[in-house]
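> Chains as they are written, first to last, in my numbering: chain A, 100 to 522; chain B, 516 to 785.
One should not assume that every hint holds.
With a cut-off of at most 20 Å between alpha-carbon atoms, the simulated EDC-like pairs for lysine to aspartate or glutamate come out as follows [as the list claims (entries may be wrong)]:
| # | chain 1 | residue 1 | chain 2 | residue 2 |
| --- | --- | --- | --- | --- |
| 1 | A | LYS364 | A | GLU248 |
| 2 | A | LYS474 | B | ASP603 |
| 3 | B | LYS732 | A | GLU248 |
| 4 | B | LYS677 | A | GLU264 |
| 5 | B | LYS738 | A | GLU396 |
| 6 | B | LYS579 | B | GLU597 |
| 7 | B | LYS725 | A | GLU285 |
| 8 | B | LYS677 | B | GLU658 |
| 9 | B | LYS732 | A | GLU264 |
| 10 | A | LYS408 | A | GLU259 |
| 11 | A | LYS474 | B | GLU658 |
| 12 | B | LYS735 | A | ASP192 |
| 13 | A | LYS364 | A | GLU470 |
| 14 | B | LYS784 | A | GLU321 |
| 15 | A | LYS308 | B | GLU658 |
| 16 | B | LYS610 | B | GLU658 |
| 17 | A | LYS308 | A | GLU269 |
| 18 | B | LYS775 | A | GLU515 |
| 19 | B | LYS747 | A | ASP163 |
| 20 | A | LYS308 | B | ASP591 |
| 21 | A | LYS308 | A | ASP337 |
| 22 | B | LYS677 | A | GLU350 |
| 23 | B | LYS784 | A | ASP388 |
| 24 | A | LYS488 | A | GLU510 |
| 25 | B | LYS677 | A | GLU386 |
Heads up, incomplete: computed chain B residues facing chain A, CB under 7 Å, no partners named [unchecked claim]:
| # | residue |
| --- | --- |
| 26 | ARG592 |
| 27 | LEU680 |
| 28 | PRO681 |
| 29 | GLU723 |
| 30 | LYS735 |
| 31 | SER739 |
| 32 | GLN759 |
| 33 | ALA766 |
| 34 | ALA770 |
| 35 | GLU780 |
| 36 | LYS784 |
Listed next, the stretches of chain B that the computed footprint assigns to chain A, with coverage defined by at least 3 CB atoms under 8 Å from CB atoms of chain A [claimed, not checked]:
| # | segment |
| --- | --- |
| 37 | 564-576 |
| 38 | 668-677 |
| 39 | 693-700 |
| 40 | 724-730 |
Hints listed in this document are in silico derivations from the structure and should not be mistaken for laboratory results. We put the CB at the ideal spot given by N, CA and C, even for glycine.
The lines below spell out each chain.
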Amino acid sequence: MSLTRKNPRLEWIARNRLHPEHAQVMAELDASSSPSQWMGPNGLLRRDPHRVGRMGPNGLKRIDRSGLLAGQAYGSGGKQAKAEPQKPLITIDDPAFIVAVVPDMAGGELTSHDKDVLGMARQLADADPQRQGAVLAVVFGSYRETRFEHAGIDRLVFLEDERLEGYSPERRLSRLEDIERELTPERWLFPDSQLGGAELGRRLSVRLKERPATHVWQLLSEDGEWRCECRGARERSDIVRSLPRCILALEECAEPVSENRYEVKPVELSSTAPETMIRIDNLGQVEVDPASVALGEAEFILSGGNGVKNWDRFHNAALQLRAAEGASRVAVDNGFMPRERQVGATGTWVSARVYIAVGISGAIQHLQGIERCNKVVAINNDGGCDMVKRADLAIIGDAEGVLEALVELIEQKRSEESHHEAA
Amino acid sequence: MKPRESDKKSASLSISVLVSTGRHPITGRPGRADQDSRAVELAMNLQGGSVSLLHAGQPTEECKEALRGYLGMGIDRISLIEQSEHADITEVLTKTLKSSNPSLVLAGTKAEQGEGSGLLPFLLAESLGWSLVSGLVSIESVENGQATILQALPRGQRRRLKVRLPAIATVDESAERARQSAFGPARRGTIETISEASHIDETLASFEIKKARVRPKRLKIVKSSSARDRFKAAAAKSGGGGGQVLSDVSAQEGAEAIFKLLQEENVLKL
């Protein structure tokens, strides 16, 4: 005869939700106890209400319906619970019309601007259930994007040609003309961006002799008639007009697609690339001195504050990292850095991908200025300062030492790299 | 002065700059348009170039006053092609450029008044059959009927292009800032008016133009089936928290952690 053995410690931990091992113990108890619901012989789900829940600290039964404990389960269990639920797949077999989108695909991936424009295309395609349209995306060269189906693309024209890689507006234009001839999309949508959409869209609409709507930031629907609102006269006026065939849309013109998946069916063009007259040669991107890049648009900033004592070393580190230099207000006021390099609400609002703050404690104005930065690294003596709280990676220690070690590391990697190339 | 000797057929590089009237960003007073004045600056800085300025529009006093801003940069004359209000200037500019036949036409990326669609250079390039480059920042050299230029990319990056002349180029706002406009030369310069028949842009009448309103901020919408998740997202404090804090590490370990992050973000150029 087996004895039921109690483990008072485990019970105590199970009652004490603040105990560090609580979630672990709960998961173990859950696994050992019999299930509270099971499938009955007739296919009905049977539940035992007495087995749901657990005794609380006051001897009352508590039922947790929030999923808090299930979500907190340890190890891989927690990750599984967070896995993305499968979205419904939508297929459009026989579209009444096509809305073509030419995304920028910066770095081979859809930018957030591209996703907004695709969302707008989706609006146009799905507006009338009697007349369902399909969204066609045109991708040139090569891509790395793996989430096309989540962006709302029904059809994909992938023009794989190394000559279409990079900046090649004339060749791309001729391929778009082929698509126009073969598929005749009802609308052409482009992101109105410096990455290429603005130029290509204008080129195509001029070639098609269509007057495009540029800087479109909103679609308006009036009794089944599409209208759009565009920015004009350097952000000073709004123009409301009927929606033309070619649309160049601004960022945040529509919500990106989030609810469904789409089939991303490849479409082949029957015509091959014709020989076009090329009058623009791309000689490639130019090495730009990071110090000359305006602080507001720099991608990588090394910023120094009151904690920096040796400014020569700081400048050298910025040079080695090839980062633009920034400074906190204190450093500027003390005369170590020029005023135009000041970061923050009172200086420049920056939007760097990586921002390294050296010896900056993080005044609220400074933190506002770096709000749009993607990753913030703090190097600081004081572990309790606001910058460390904001940072994605904080190193508590001597700023000078860490910077020096970083420069040494980079020099070492560079020399390894050059050796590797030489060999 | 090399290009002048080697290129005897075209004694010097002729550059036309299409200028428009702008408005001061704060006061709204008429004056030079920012991008157009940068285009004029670019043209004036090019060695061995002869610069001519062209404007098409209504010959009002206000317009002439604004054009004097360009004269103040050290330009002797501006050709003003008289056009009525709401005229489509593509055709008349095509005609003028065809007859003057410059090697290079510069213009701002978009106008500061009217529709500001930035379409005119593209229309001109198409109707003239010339090459077009957008986002010009600087002209490095012009030789053998080809210009080597730098094009602006986002985040202060540049791309070098070689373009066959004649070409139309739109000047980006990150090009070199225009010199100050001086009062004396602005008064002394002449505005030469040329009258031409104007084509009225009829589509423009169907546009409803109003003062720009503030674009609504995009709300962070959390789509989740669980009320708890939605509440958590709504009540979450913005920013902060969740960062990795390395205390009591040696400088080398700290540097390595930073190095790893920089490589993940792909900002480090080795």
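> Now tell me if each hint is right for this structure.
Results of checking the hints against the structure:
1. At roughly 9 Å between alpha-carbon atoms, A:LYS364 and A:GLU248 fall within 20 Å of each other, so this suggested pair holds.
2. As the CA atoms of A:LYS474 and B:ASP603 are separated by approximately 48 Å, the hinted pair breaks the 20 Å bound.
3. For the hint linking B:LYS732 to A:GLU248, the alpha-carbon distance of about 27 Å lies beyond 20 Å, and the restraint is violated.
4. Taking the CA atoms of B:LYS677 and A:GLU264, the gap is about 17 Å. The hint holds against a cut of 20 Å.
5. For the proposed pair B:LYS738 and A:GLU396, the alpha carbon gap of about 32 Å is over 20 Å, so the pair is violated.
6. Restraint check for B:LYS579 and B:GLU597: satisfied, since their Cα atoms lie roughly 11 Å apart, inside the 20 Å limit.
7. Our distance criterion of 20 Å between C-alpha atoms is broken by B:LYS725 and A:GLU285, whose separation comes to about 28 Å.
8. For the proposed pair B:LYS677 and B:GLU658, the alpha carbon gap of about 10 Å is at most 20 Å, so the pair holds.
9. Restraint check for B:LYS732 and A:GLU264: the C-alpha separation of about 35 Å exceeds 20 Å, so the hint is violated.
10. Our distance criterion of 20 Å between C-alpha atoms is broken by A:LYS408 and A:GLU259, whose separation comes to about 53 Å.
11. Restraint check for A:LYS474 and B:GLU658: the C-alpha separation of about 45 Å exceeds 20 Å, so the hint is violated.
12. The suggested pairing of B:LYS735 with A:ASP192 is violated, with an alpha-carbon distance near 33 Å, which exceeds 20 Å.
13. Taking the CA atoms of A:LYS364 and A:GLU470, the gap is about 39 Å. The hint is violated against a cut of 20 Å.
14. Restraint check for B:LYS784 and A:GLU321: the C-alpha separation of about 52 Å exceeds 20 Å, so the hint is violated.
15. Our distance criterion of 20 Å between C-alpha atoms is broken by A:LYS308 and B:GLU658, whose separation comes to about 33 Å.
16. This hinted pair does not check out: B:LYS610 and B:GLU658 have alpha carbons roughly 26 Å apart, beyond 20 Å.
17. For the suggested pair A:LYS308 and A:GLU269, the alpha carbons sit about 17 Å apart, so the restraint of at most 20 Å is met.
18. Straight-line distance between C-alpha atoms of B:LYS775 and A:GLU515 comes to about 16 Å, which keeps the hinted pair within the 20 Å bound.
19. A threshold of 20 Å between alpha carbons decides the hint, and for B:LYS747 with A:ASP163 the separation of about 16 Å falls inside it, so the pair holds.
20. The straight-line distance between the Cα atoms of A:LYS308 and B:ASP591 is roughly 37 Å, outside the 20 Å bound, and the hint therefore fails.
21. Between A:LYS308 and A:ASP337 the CA atoms are separated by roughly 24 Å; this puts the pair beyond 20 Å, and the hint is violated.
22. A distance of roughly 30 Å separates the Cα atoms of B:LYS677 and A:GLU350; the hinted pair therefore is violated under the 20 Å criterion.
23. Taking the CA atoms of B:LYS784 and A:ASP388, the gap is about 12 Å. The hint holds against a cut of 20 Å.
24. For the hint linking A:LYS488 to A:GLU510, the alpha-carbon distance of about 30 Å lies beyond 20 Å, and the restraint is violated.
25. Restraint check for B:LYS677 and A:GLU386: the C-alpha separation of about 17 Å stays at or below 20 Å, so the hint holds.
26. A hinted interface residue such as B:ARG592 counts as satisfied when its beta carbon comes closer than 7 Å to some beta carbon of chain A; here the least separation is about 27 Å, so the hint is violated.
27. With its C-beta approaching chain A no nearer than about 9 Å, B:LEU680 sits outside the 7 Å limit, and its interface hint is violated.
28. Hint status for B:PRO681: violated, given a least beta-carbon distance of 10 Å to chain A, over 7 Å.
29. This hint holds: B:GLU723 has a C-beta 4 Å from the nearest C-beta of chain A, less than the 7 Å allowed.
30. The criterion of a C-beta within 7 Å of any C-beta in chain A is not met by B:LYS735, whose closest approach is roughly 11 Å, and the hint is violated.
31. For the restraint placing B:SER739 at the interface with chain A, the shortest Cβ-Cβ distance is roughly 10 Å, beyond the 7 Å limit, so the hint is violated.
32. With a least beta-carbon distance of about 5 Å to chain A, the hint placing B:GLN759 at the interface is held under the 7 Å criterion.
33. Because the beta carbon of B:ALA766 sits about 4 Å from the nearest beta carbon in chain A, less than 7 Å, this interface hint is met.
34. At a threshold of 7 Å, the smallest CB-CB gap from B:ALA770 to chain A is about 4 Å, leaving the interface hint in force.
35. Interface hint at B:GLU780: satisfied, since its Cβ lies 5 Å from the closest Cβ of chain A, which is below the 7 Å cut-off.
36. At its closest, the beta carbon of B:LYS784 sits 5 Å from a beta carbon of chain A; the interface hint therefore holds under the 7 Å criterion.
37. Only residues whose C-beta sits within less than 8 Å of a C-beta in chain A count toward coverage, and the segment 564-576 of chain B has 0 of them, not enough to reach three; the restraint is violated.
38. For the segment 668-677 of chain B, the proposed coverage by chain A is satisfied: 10 residues have a C-beta within less than 8 Å of a C-beta in that chain, meeting the threshold of three.
39. Only residues whose beta carbon comes within less than 8 Å of a beta carbon in chain A count, and the segment 693-700 of chain B has 0; fewer than three means the coverage is violated.
40. Given as covered by chain A, the segment 724-730 of chain B passes the check, having 6 residues with a CB less than 8 Å from a CB of that chain where 3 are the minimum.
Of the numbered hints given earlier, the model fails hints 2, 3, 5, 7, 9, 10, 11, 12, 13, 14, 15, 16, 20, 21, 22, 24, 26, 27, 28, 30, 31, 37, 39; all others are met.
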